[in-house]
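**Student:** The primary structure of each chain is shown beneath.
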Amino acid sequence: MLRNDATKLSLILLMTPFILWIVLLIILPQLGIGYLSLREKLGPNDYKFGFANYVDFLQEPIYWNTLLRTAWMSILVTILSLFVGFPIAYYIAKIARRRSRAALFLLCLIPLWVSDLVRAFGWIVLLRETGIISGALQSVGLIEGPVELLYNDVTVVIGLIYTVVLFMIVPLVSTLDGMDNSLLEAGYNLGGSRFTVFRMIVVPYAMPGIVAGCIITFMLTAGSYLTPILLGGKNSMWFTEQIYDQFITRYNWEAGSTFGVLLLVFTSFVVWLGLRLTGQNLASTVAKD
Amino acid sequence: MNVAAPQSTVLRMTYNTYLLLFFVYLAAPLVAAGVFAFNDSTFSALPWKGFTLDWFFGSTDPKVGMFNDRRLLRGMTNSLYIGIIVSAMAVIVGTCNAFLFERKQFPFKNVLYILMIIPLVIPGVILGISILVFASMIANGAETSLNLDLAFLRPGMFLVILGQFSFLTTITSLVIAARLRKFDISLEEAALNLGASRGRVLATVTLPFLAPALFSAFVVGFLISFENFNTTLMLVGSDAPLTITMYDRMVKVGSTPVLNAVSVFLMVGSGLLAVLSVLAQRNRTGE
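Taken in sequence, the protein lines are chains G and Z. Position 139 (the first sequence) corresponds to 139 in full-length UniProt numbering; numbering is contiguous. Position 185 (the second sequence) corresponds to 185 in full-length UniProt numbering; numbering is contiguous.
Think of the hints as simulated: they come from the structure by calculation, not from any bench. Small disclaimer: the values here were computed from a predicted structure and weren't measured. Heads up, a few of these hints could be off.
Here are the simulated lysine-lysine pairs, BS3-like style, with alpha carbons at most 25 Å apart [unchecked claim]:
#1 K8(G) x K252(Z)
#2 K109(Z) x K182(Z)
#3 K252(Z) x K234(G)
#4 K8(G) x K109(Z)
Assemble the whole structure, with the sequences as input and the hints as a guide.
**Tutor:** This is the structure we're talking about:
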């Protein structure tokens, strides 16, 4: 009996910080922006409830265009990251020898330890009009005057891939690592070409890693702020920038919350769709450390 | 022969070239950000005008080094302060969560586990605004109905700490839980059989086993907190941490090599901490 009480007490003691954290810092704040997004400001301290903020969003093409643009650029970045990262992950997991494997993996992780801000700043130093690449191209004689390589979509995509590709590589390496080479041998012995073996054996095997990588990459890209703003400049049209703008610059918290809810709903929907289509679940993909 | 590797020479060379290009791509912006911290020029651009450490230690205008720049120094202190508090809190709550999910059985465990992971998949900007909104609601409520001024719920260091804590706890929980899962419960049972009290077993058997994980969770937490931007941006008040100070400088003043110096400082600092946490992990496998 006493033992039972002690177990119950320790459960309560362990549960308390968890509940406080999740309820006070995650659930209630999310409900808070949901609530604010349904509130329309008519005047000082005069509010009406309804979907007016969402209607405003739909009626202003620049808002939903920004969301769509963020969405498709994020999807593009995700796909490109998969293509860029897959060969690297495959090399680390399957081709590199034991010792160089750890070293290569660490090399891949280095940018992860450096702040987003420093990475974006590095790209600026490289790509701006007075930057290294422009200077190098001039001294080689390929171009006449200085060239501005910042503030266009290609640069934003390159910068975004840079920030997220590691989150694609890590889960890919951990899944590919478990693949037995005899699977490949069997494929070749049965007469499969390299491409067939890749398509029929490697890709299906790596699927959990691909899904996990894509989800993390997509969420990070859609929620990113610094890279699109700094590399894309004034015309980057990124949705998180709209949120910041509404909150801090215009002090229109109702509209800002609406945008926040929309971004959250939208990204969750894409993730849900991805999990659904591939038959994975959130806990096993994201928390697989 | 490694069947996984490309067999023809051409293919292998293409593959290796691709790898090389990829690592050049990874290194390029970091090198670019770092190198100009040592250039004796007022612009972080070519041409190279000679080596200097003025951007770190210089004290005369126009070359005021980062260690003599009062705003940058204040940002650094704020970051340090926030980082230590946030990671200490996240490690404590993370340890509780690890014990909760690894040791206890309770209803709705799976749902609660998913709730624990969710902060990782909410974009940082949204975590920031939601905590801002919620804190302001409470503060406004207290002001109108109780006439209380809860200044700490307005943008500032306290909210930054809460904002970073809200998602760091997930990370620390996962790190610590992974270690706790490997713990052989019979060790605890042996100690209990030998007459040790529960508290003593925790202090002398379980926690020492968890120590490397607690340490790396703290280091990782500190690094992420120090470098966090998105969540912090929404919650920051007058006492801005280093990343925000640096961003303001970049956007408003334009970049001088002092920003390169800050970048070098951040890279070296996080590199050292990362090595520390890797070493802690290595001890773990060495047991």
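**Student:** Against the structure, test the hints numbered earlier, and report the numbers of the ones violated in rising order.
**Tutor:** Hint 1 alone not satisfied by this model.
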